[in-house]
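There are 2 protein chains.
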Amino acid sequence: MIKQVAIDDTLPIAIGAGVLGTGGGGSTYLNRLRLNNELRQAGRPVPIIQADDVPDDALVCAVGGMGAPTVSNEKLQEGREILRAVRELEAHLRQKIYAIVIGEIGGGNALGPMITALQGGKPVVDGDGMGRAFPELDMDTFMIYGAAPAPFTLADAHGNVVIFERIGSAKQAEEFARSLTIEMGGSAGLVMPVMTGAQLKATIIRDTLSLAKRIGETVLDCRARNTEPAAAVAELCNGKVLFSGKIIDVERRTVQGFARGKLVISAFDRYDYQLEIDFQNENLIARSNGEVLCAVPDLITLVTLDEGEPIGTESLRYGLRVAVLALPAPKELKTAEALAVVGPRAFGYDVDFVPLPGDLL
Amino acid sequence: MIKQVAIDDTLPIAIGAGVLGTGGGGSTYLNRLRLNNELRQAGRPVPIIQADDVPDDALVCAVGGMGAPTVSNEKLQEGREILRAVRELEAHLRQKIYAIVIGEIGGGNALGPMITALQGGKPVVDGDGMGRAFPELDMDTFMIYGAAPAPFTLADAHGNVVIFERIGSAKQAEEFARSLTIEMGGSAGLVMPVMTGAQLKATIIRDTLSLAKRIGETVLDCRARNTEPAAAVAELCNGKVLFSGKIIDVERRTVQGFARGKLVISAFDRYDYQLEIDFQNENLIARSNGEVLCAVPDLITLVTLDEGEPIGTESLRYGLRVAVLALPAPKELKTAEALAVVGPRAFGYDVDFVPLPGDLL
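Line order of the protein sequences matches chains A and B.
Start counting the first sequence at 1; every next residue gets the next number (the numbering used here).
Start counting the second sequence at 1; every next residue gets the next number (the numbering used here).
None of these hints come from the bench; they were simulated from the model.
Be a bit skeptical, because a hint or two may be false.
Which copy is meant is left open, so a pair is good if it fits within one copy or across any two.
To be verified - List time: in silico SDA-like cross-link candidates among lysine to any residue, alpha-carbon distance up to 20 Å:
(1) K171 x I182
(2) K246 x Y273
(3) K334 x R44
(4) K331 x A58
(5) K3 x E307
(6) K75 x Q172
(7) K246 x T227
(8) K334 x P357
(9) K262 x R80
(10) K262 x A157
(11) K246 x K262
(12) K334 x P344
(13) K246 x S266
(14) K75 x G168
(15) K171 x A157
(16) K262 x G358
(17) K171 x H158
(18) K334 x G358
(19) K75 x D53
(20) K171 x N37
(21) K75 x Y349
(22) K201 x V255
Given these sequences and hints, build the entire structure.
Structure representation (structure tokens):
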């Protein structure tokens with residue numbers, strides 16, 4: 001388990017977070033540049049702690065960026081909006097936040113919390129609430145397993161900060177925050193949920209920051225040895241390479257604050273053998289000839305064939321040569337309670353969740 | 001000047017607020033029923049104070065309902081949402097609110113604040129920030145003349161309360177609150193702005209609650225004497241009866257949280273002599289043959305010809321026999337600063353504001 005994150009660690013973490021991002025969670029490239037810059041200015045690494053290091057009665061908060069990755073790649077953050085949201089929440093609650101929690105380990109949202117932690121002089125907990133990326137904020141283990149959605153805060157690049165003080169449900173929080181995020185220009189900083197150390201320990205998916213780093217190191221190692229990284233990542237994560245081929249069609253729109261669409265990949269040797277993937281910020285379901293090969297919450301990630309570079313849904317384009325990874329989701333996402341929120345039916349697909357063959361989690 | 005509001009006062013105030021509402025501000029009928037019920041339960045009248053009775057360093061807040069009147073007529077309030085929003089704001093600011101201020105004297109929003117005041121055991125200040133009704137929350141003299149838009153709160157019938165803690169401008173507040181109001185179902189309770197007594201005294205339009213009551217008494221007096229009330233109201237308010245006729249066309253949609261549209265009234269004796277009125281919740285501009293006869297911020301109000309009953313834009317329909325009143329706006333709305341926010345150009349009309357003939361305000 002890692003104890004700190006320094007500049008040398010940000011590349012493997014960014015690659016691993018990209019793999020866990022299943023196409024979403026925002027750009028790791030941008031947030032890695034921002035994090036490196038913050039690390040240089042601070043002159044010290046980010047302290048990483050375990051959930052068990054947090055006192056039961058201390059307060060922690062998860063943080064992340066909200067919005068469509070198509071937007072947040074072009075509409076840059078001001079840089080301190082999430083810290084402002086944390087500070088306003090501390091003032092409102094009249095209690096200090098003990099540590100920063102990664103809301104979503106997938107994509108740039110793995111890196112952003114370390115920036116906030118450095119700015120605020122706080123440690124980051126190794127773990128997160130998704131074990132991947134999900135499009136909606138109610139889709140995390142903290143709230144699935146009982147954390148209250150409110151109070152939470154949303155902040156934008158212009159200095160606006162909104163405190164959602166009483167909110168009836170996590171789904172309601174998602175609807176309100178999504179609507180305000182759109183009004184804020186399509187991306188915003190989110191601080192949610194606020195939990196005690198005891199709640200954190202009961203609900204967090206542990207060690208996912210360490211996992212992201214290990215995935216990235218595996219990819220970098222393959223690159224150094226000139227081997228294709230996809231198989232090595234699949235092996236590390238107990239998953240498989242679902243498909244290899246060329247992207248031959250992408251349909252993508254930014255609607256209701258999400259990047260929605262689908263893509264088609266054709267096998268190199270057999271043009272009629274195709275894989276279709278639907279996404280909503282994240283890749284949700286992979287089908288071939290109508291048969292479901294992998295579905296949310298299991299992870300479907302596209303990486304470039306040669307370099308193993310994860311591809312965000314906002315960067316999909318015709319002609320990319322890709323491998324499609326199918327990785328089993330953490331066990332916390334596969335209970336009946338969790339599947340009701342993050343299973344295929346929660347996204348409107350009329351199929352039951354079926355674990356990947358050989359899934360031991 | 002009135003000192004209190006009891007059950008006998010609510011009818012004239014509702015009629016007067018309807019006249020000042022220029023078609024908007026929500027239903028006086030519903031809020032009058034709610035206020036009467038609250039007065040009966042409380043067993044005491046609402047104390048009314050003057051702005052000068054508020055200590056300079058005390059805090060007051062304006063309150064009102066936000067949303068399209070087409071919605072709030074059908075989606076009823078839970079009843080205590082605005083009080084909840086006031087209480088949350090007091091807790092957030094760690095300071096009690098000394099008195100409730102009427103955000104908008106037009107329509108049901110004249111009556112709602114008295115319900116909140118009774119529930120919260122606070123007095124209501126005689127006056128408001130609009131002297132009429134306006135469709136957007138940044139259109140009040142408090143913020144036009146310098147009150148900060150934040151913190152403000154929005155609350156819905158389901159118990160959700162949101163505190164907008166830092167907001168860059170009143171216009172930004174309008175955009176955020178509108179978007180969230182739509183997400184809350186199209187109507188919500190608003191507490192905004194929070195001011196000191198000193199700020200209140202410098203910016204409030206005084207005595208408009210008393211004015212509403214006088215207008216209503218004038219209408220009731222005409223009804224008792226079987227004379228048409230429009231001319232008497234026009235005389236009381238230094239305005240005029242712009243037109244009398246029958247509504248022959250109404251075009252109305254509920255879009256982006258507003259009731260928008262236009263209506264055409266035809267003179268009784270000359271079918272080719274018509275008046276056209278555009279509205280956005282409130283009536284904004286009255287034209288005949290392309291000539292502007294009255295424009296915002298001056299008041300354009302339709303009343304039924306016989307009874308002088310004010311007609312909300314949500315209740316317009318073919319065949320109604322109406323008189324159209326044109327009343328001069330309070331002087332606070334006709335400065336250059338105010339016209340930039342509430343003049344015809346602020347609503348997209350390419351005309352300068354021209355005071356009504358004989359306007360002495």
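Verification of the supplied hints:
no.	hint	in the structure
1	K171 x I182	both (17 Å within a copy, 16 Å between copies)
2	K246 x Y273	within (11 Å within a copy, 69 Å between copies)
3	K334 x R44	neither (38 Å within a copy, 58 Å between copies)
4	K331 x A58	neither (27 Å within a copy, 55 Å between copies)
5	K3 x E307	neither (28 Å within a copy, 79 Å between copies)
6	K75 x Q172	between (26 Å within a copy, 18 Å between copies)
7	K246 x T227	within (19 Å within a copy, 82 Å between copies)
8	K334 x P357	within (14 Å within a copy, 73 Å between copies)
9	K262 x R80	neither (34 Å within a copy, 46 Å between copies)
10	K262 x A157	neither (30 Å within a copy, 38 Å between copies)
11	K246 x K262	within (14 Å within a copy, 55 Å between copies)
12	K334 x P344	within (11 Å within a copy, 58 Å between copies)
13	K246 x S266	within (5 Å within a copy, 67 Å between copies)
14	K75 x G168	between (31 Å within a copy, 18 Å between copies)
15	K171 x A157	between (25 Å within a copy, 16 Å between copies)
16	K262 x G358	neither (27 Å within a copy, 65 Å between copies)
17	K171 x H158	between (26 Å within a copy, 13 Å between copies)
18	K334 x G358	within (15 Å within a copy, 75 Å between copies)
19	K75 x D53	neither (36 Å within a copy, 49 Å between copies)
20	K171 x N37	neither (35 Å within a copy, 34 Å between copies)
21	K75 x Y349	neither (32 Å within a copy, 32 Å between copies)
22	K201 x V255	neither (36 Å within a copy, 46 Å between copies)
Hints 3, 4, 5, 9, 10, 16, 19, 20, 21 and 22, counting from the list given before, are not met by this structure.
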